[in-house]
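Start from chain A and add chain B according to the hints.
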Amino acid sequence: MAAKKLRRAGLSEELCERLSRHQITTCQDFLCLSLLELVKVTGQSYYNVQKLLRKVSRACAPKMQTAYEMKLRKSVSPSSAFLSTTLHGLDKVLHGGVPCGSLTEITGPPGCGKTQFCIMMSVLTTLPVSMGGLDAAAIYVDTESAFSAERLIEIAGNRFPTYFDSDEKLLYLTSSIHLYRELTCGSVLKRIMSLEEEIISKKVKLIIIDSVASVVRKEFDVKLQGNLAERSNFLARGASVLKYLAEEFSIPV
Amino acid sequence: MQRAVGSLPLAPALRARLVAAGFQTAQELLETGPCGLSREIGISKEEALEALQVVRQECHGDAARTAGGSGATRKCTALELLEEEQAQGFIITFCSALDNILGGGVQLSKITEICGAPGVGKTQLCMQLAVDVQIPECFGGIAGEAVFIDTEGSFMVDRVVDIATACVQHCQLIAEAHQEEDHLKALETFSLKSILSHIYYFRCCDYIELLAQVYLLPEFLSEHSKVRLVVIDGIAFPFRHDFEDLSLRTRLLNGLAQQLIIIANDHKSAVVLTNQMTTRFGQSQSTLVPALGESWGHAATVRLIFHWDNSQRFATLYKSPSQKESTIPYRITSHGFRDVQPPAVIENAEDTELNPRKRPRREEEK
Numbered sequence: 001m002a003a004k005k006l007r008r009a010g011l012s013e014e015l016c017e018r019l020s021r022h023q024i025t026t027c028q029d030f031l032c033l034s035l036l037e038l039v040k041v042t043g044q045s046y047y048n049v050q051k052l053l054r055k056v057s058r059a060c061a062p063k064m065q066t067a068y069e070m071k072l073r074k075s076v077s078p079s080s081a082f083l084s085t086t087l088h089g090l091d092k093v094l095h096g097g098v099p100c101g102s103l104t105e106i107t108g109p110p111g112c113g114k115t116q117f118c119i120m121m122s123v124l125t126t127l128p129v130s131m132g133g134l135d136a137a138a139i140y141v142d143t144e145s146a147f148s149a150e151r152l153i154e155i156a157g158n159r160f161p162t163y164f165d166s167d168e169k170l171l172y173l174t175s176s177i178h179l180y181r182e183l184t185c186g187s188v189l190k191r192i193m194s195l196e197e198e199i200i201s202k203k204v205k206l207i208i209i210d211s212v213a214s215v216v217r218k219e220f221d222v223k224l225q226g227n228l229a230e231r232s233n234f235l236a237r238g239a240s241v242l243k244y245l246a247e248e249f250s251i252p253v
Numbered sequence: 001m002q003r004a005v006g007s008l009p010l011a012p013a014l015r016a017r018l019v020a021a022g023f024q025t026a027q028e029l030l031e032t033g034p035c036g037l038s039r040e041i042g043i044s045k046e047e048a049l050e051a052l053q054v055v056r057q058e059c060h061g062d063a064a065r066t067a068g069g070s071g072a073t074r075k076c077t078a079l080e081l082l083e084e085e086q087a088q089g090f091i092i093t094f095c096s097a098l099d100n101i102l103g104g105g106v107q108l109s110k111i112t113e114i115c116g117a118p119g120v121g122k123t124q125l126c127m128q129l130a131v132d133v134q135i136p137e138c139f140g141g142i143a144g145e146a147v148f149i150d151t152e153g154s155f156m157v158d159r160v161v162d163i164a165t166a167c168v169q170h171c172q173l174i175a176e177a178h179q180e181e182d183h184l185k186a187l188e189t190f191s192l193k194s195i196l197s198h199i200y201y202f203r204c205c206d207y208i209e210l211l212a213q214v215y216l217l218p219e220f221l222s223e224h225s226k227v228r229l230v231v232i233d234g235i236a237f238p239f240r241h242d243f244e245d246l247s248l249r250t251r252l253l254n255g256l257a258q259q260l261i262i263i264a265n266d267h268k269s270a271v272v273l274t275n276q277m278t279t280r281f282g283q284s285q286s287t288l289v290p291a292l293g294e295s296w297g298h299a300a301t302v303r304l305i306f307h308w309d310n311s312q313r314f315a316t317l318y319k320s321p322s323q324k325e326s327t328i329p330y331r332i333t334s335h336g337f338r339d340v341q342p343p344a345v346i347e348n349a350e351d352t353e354l355n356p357r358k359r360p361r362r363e364e365e366k
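Sequence lines, in order, name chains A and B. In terms of the working numbering, the first sequence has 127 at position 127, counting the first letter as 1, and numbering is strictly consecutive. In terms of the working numbering, the second sequence has 229 at position 229, counting the first letter as 1, and numbering is strictly consecutive.
So here's chain A without its partners, still in its complex pose (with noise of 0.2 Å):
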């Protein structure tokens, strides 16, 4: 949205071509002037300048919902609205389960069973909805290497041992959860922003980033000077970009 080009947003040519002589292409530069500077840069008079920086806004502006439009559509589709974990305490405290559409975090020391967590949501989410899954493929990203194959096809086993009766169905299993090793932070950030079309061509409806904790803990040291920054950095775009994900396909991560 931010870097939608001023042509797009229904400037007229010949203001474009003024403004892109000072560098000033995309709606981005153009709201992060200052209403004097836009003045001297258009060589416009001050309430034309404020009627373009309106029209500009509106082109970049998000769109509004009512609260009440949001309900509908979330009682449309009940079920869609959360995925349960199949554990019965948890799902009454989460209020149904894992919400869809935003992100959900699980800490705890090493030891008390996230990954084994991961993998069941993961075998979760290739069951039919009829069964309380979501009937997709799930993407992990592991950064820790603790995804063991057999122990997902052992849970699968031993969970649903009527459904997983047939090989044919546990090499569906297998085959619906894409594994990514990323052992970096800059590998794990450019995986997460490569995932849009992958979750539409694969048809995700589960996203797990096994840890987040160690890749950054591994290289970012908080005890030397400008790492802080640049953690935070990068821990804060990595999770814009994982909300806009789950937002916008509506599914957990």
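For the record, the hints were derived by calculation from the structure and aren't laboratory data. Hints may be right or wrong, so weigh each one.
Stated by the list, open to error - Label pairs and their in silico Cβ distance ranges:
hint, chain 1, residue 1, chain 2, residue 2, range
1, B, 266, A, 34, 19 to 25 Å
2, A, 106, B, 294, 34 to 40 Å
3, A, 175, B, 286, 58 to 64 Å
4, B, 318, A, 233, 44 to 50 Å
Said to hold, decoys possible - Covered stretches of chain B (in silico footprint by chain A; criterion: 3 or more residues with CB under 8 Å from a CB of chain A, positions within the stretch not fixed):
hint, stretch
5, 4-14
6, 158-165
7, 251-263
8, 296-306
Just so it is clear, CB atoms sit at the ideal spot from N, CA and C, and this is done for glycine as well.
Then chain B, alone, in the frame of chain A:
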């Protein structure tokens, strides 16, 4: 009328030509007329007419200002302000201790900032306020609508449904106890559906969308004149990452603050912002301070800091022009934002008659 040409809000090229042609004051411009102007400077007649209209508008604005007229300027006596403030309502938070330290609730025409660590209840309070602003006047509210600008994506409709249901039930209890005509009539319009339909939600994913939305807000507010609350949930989030140029950030934030002050004053609505906390490293220890730096601290009129203390949530009034600094505990229940223990309320029938705005607070069982 003696205004210098260089200070008029015209296009810079035009201004340069006017000054080069020898015009010095606005008076001279108006005397010349559009045809003469176009001949002398070499611009078309339409442009000259436009320029003259701008000049005339400016000068009339000036004259009104010097004559002390109302409308063009915001001059008024302190007595008028006092009367206005006393008649103004507050947006209650359903936590009477918090309302007390705020002096009645969240004030209109002021910017209130809520800072706190993640998970302490900032978004909860915002959702509570978005519902509370819609309480009808006979129950002590201000019957307004709310604009919710979300930058973090933490707005959950289901939670608002819970809060709104509890609020409607609360009002129903009061209406049953008092059995007054206007209470029952107000209850007909104050339902879950109407509450949700009057919360206008915008989801901004980055700071450009936020800036664009704030530029468009005055227009939106004039179309929806009943809006009395603007919530920006997470003003720190889009500005905290990806910003190498800190001076640009400060400039944008200051511009944003000014816009919000204008919006709060012009439309008599309360502006509520939520901010994150950041760690400041001192000599020997580190403290949690509100994010976005010192210069942002001047933007808000009232500042509330939420924090934890041994699994009890506290709210501190950190900055306020009219109330003193104090800390109160609060809790968040399934109904929303509430007090820690039921306040001692004396239900006096007289009280409600004398002051219909203050309705008796009752703590219901969870």
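How the hints compare with the structure:
Under the hint 19 to 25 Å, the C-beta atoms of residue 266/B and residue 34/A, about 20 Å apart, fit the expected range. At roughly 36 Å, the beta carbons of residue 106/A and residue 294/B sit within the given window of 34 to 40 Å. For residue 175/A and residue 286/B, the Cβ-Cβ distance of about 49 Å falls outside the hinted range of 58 to 64 Å, so the restraint is violated. Checked against the hint of 44 to 50 Å, the pair residue 318/B and residue 233/A fails, with Cβ atoms roughly 28 Å apart.
Here's how the stretch 4-14 of chain B fares: 6 of its residues keep a CB closer than 8 Å to some CB of chain A, so the rule of at least three is met and the hint holds. Given as covered by chain A, the stretch 158-165 of chain B passes the check, having 3 residues with a CB less than 8 Å from a CB of that chain where 3 are the minimum. Chain A is given as covering the stretch 251-263 of chain B, and this holds because 3 residues of the stretch bring a CB closer than 8 Å to a CB of that chain, at least three being needed. Counting residues of the stretch 296-306 of chain B whose CB lies closer than 8 Å to any CB of chain A gives 0, which falls below the minimum of 3, so the coverage claim is violated.
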